[in-house]
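Peer 1: So the chains spell out like this:
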Amino acid sequence: MVGKGGLTRKSKAASEIPSSSLADMAFLLLIFFMVTTVFRQEADRDVVFPDAEATQRLEEPRKDILNVYMERDGGIFINDRMTAPDQVSSVIGPISADVRGLVVMLRSDRDVPYYLVDQVLKELQAAGAYRVAFYTNLEQRMLRERR
Amino acid sequence: MALMKKKNRPSGEIPTSSMADIAFLLLVFFLVTTVFDEQRGLRMVLPEADSEVEVSQRNVLHILIQPNGVVHVRRGEAPAVQQTTPAAIGDIWRQEFANNENLIASVKTSPQAPYRYMVDVLDQLQAARAERIALGILEE
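Chains as they are written, first to last, in our numbering: chain F, 6 to 152; chain P, 338 to 477.
Please note that a few of the clues may not be correct.
[To be verified] Interface residues of chain F toward chain P, partial, derived using beta-carbon atoms under 7 Å:
1) 58
2) 82
3) 83
4) 120
5) 136
Hints are computed from structural coordinates only; laboratory data are not their basis. Virtual Cβ for every residue (Gly too), placed ideally from N, Cα, C.
Turn these sequences into a full structure, and let the hints steer you where they fit.
Peer 2: Laid out in structure tokens, this is it:
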């Protein structure tokens, strides 16, 4: 009976953390993140956004936000499809009627001449999409003063 | 001899001890490579189409953005034009708004001016808590 530490060894509780279920937990997490990830529907465009100090985050759910891209040469892209400036209202009109609280996110290049932006804004008004946002990068005050 | 033979027999099971490491490695990889697409910007609410509102000239601050980024500020009907930069608009607005609480900022941008000058001015106005802003195009 009194062997090598025979008495003290009687406690059967394992001194190690059980690692056999660790893999299951890790895969479960992995699958959870994979399932909850929502992919961007649109391809990236070659657009440089303007900076703004007053940049705010939009609290609207993603499905209520429609991105309208404007490239430097004036190309307008809605849902990855190039749209002529005078066609914008006919594309957005049905969406605006369908989605309550639609916000049109105008992702326009910083060097686009303003008459194109004005044209798009007028088209949005005609389509009944009154809530818009101009996509900007947050500008830090410190950086601004140094310039 | 019999004992030696037993030692060489490969295990019949897939080794699972490193499975957790592999899974966590995948998890960390995806966490690190994920880029969140934040929705942010300057909000505006456009007026309804064809809804013209008569506004007294006394309550209008005209902000006229020129193609080269110079901003002309005109107060109501006064003919005096102040030349300034987009960065100075915030202070001008605060001053004018302190004198007149019904003030409306009428931002008119030249057709050829880059979009970023309009955003700079809009940024200054929003940072100065201006709520009544009208956007338009500058007719020559």
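Peer 1: Each hint: holds or not?
Peer 2: Checked hints:
no.: 1; hint: 58; result: holds (5 Å)
no.: 2; hint: 82; result: violated (16 Å)
no.: 3; hint: 83; result: violated (16 Å)
no.: 4; hint: 120; result: holds (4 Å)
no.: 5; hint: 136; result: holds (6 Å)
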